[in-house]
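Peer 1: Assemble the whole structure, with the sequences as input and the hints as a guide.
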Amino acid sequence: MKKIICFIPLNYPNNVFFNYFINNIIKYGIDFIEIGIPYIDSIADGNIVSNSYKFLIKNYNIKNFFNSVYNFKLINNINIVIIMSYYNPIIQFNEYNFVYLLNLLKIDSILIIDYNLECNNFLYKISKKKKINFINFISCNISNKKNFFLNKFFLYFNYFSYIKGITGDKKFKKVKYLNNYLKKLNYFIFGFGLSNLKDIIFMKKIKNFVFGSFIIYLINKYYFNYKKIFKMIKIISFINKNI
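Going by our numbering, the final residue of the sequence shown carries number 308, and the count climbs one at a time with no gaps.
Among the hints, erroneous ones may be present.
[Said to hold, decoys possible] In silico EDC-like links for lysine to aspartate or glutamate, alpha-carbon gap of 20 Å or less:
hint: 1; residue 1: Lys-194; residue 2: Glu-160
hint: 2; residue 1: Lys-68; residue 2: Asp-173
hint: 3; residue 1: Lys-299; residue 2: Asp-96
hint: 4; residue 1: Lys-67; residue 2: Asp-173
These aren't lab readings, by the way, just hints derived from the structure by calculation.
Peer 2: Below is the structure:
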């Protein structure tokens, strides 16, 4: 069964909208929720997601983020949560403290976009000890050397950057060179730039999708029309799970 993951920065565009959105989104075919830690230098996310962080970055820190996550989980009774971040805020906060709070709040998984296992696997190891799923980010220009390296780790979850999306590599046309690696994966997530129905159909064989840029686009365009936002998400979910 295909799964859809909804990405949204925490409390975007404001706390009231965010909580209402999260509380209702599961009803429209969303299986998991990925929450982004706002980071001012999130250039890898592209303009849509990066610009959304600018509304949230003032008076922000990791402690505030975790307080908000606790309140949001308490209010909405949602357990399937993925935390997305860049590595720099985690280093500044302290890796032990970060993983401790993840464990305390019973966060299922984390995705660190710019984390390089080849250079540093400390955060990965302490997350694994707490049984927190460490999602590995794979770009479409992965080298054979790195491919071989990642096979040694055999991470349970892997997130592949979409090749034709807003933030993807538009020149790259095939994913066949990853087939030997991908066949071994139990859980494979595809995203990072998916923005329309054509993107989904193009990669119809992929089981799991993340929609972030598209979700934020809908919120910005139909901010005062919840029904329109949820209707579009329901259509996306239906098409994705039935192609």
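Peer 1: So, against the hints stated earlier in the document, which numbers end up violated here?
Peer 2: The structure breaks none of the hints.
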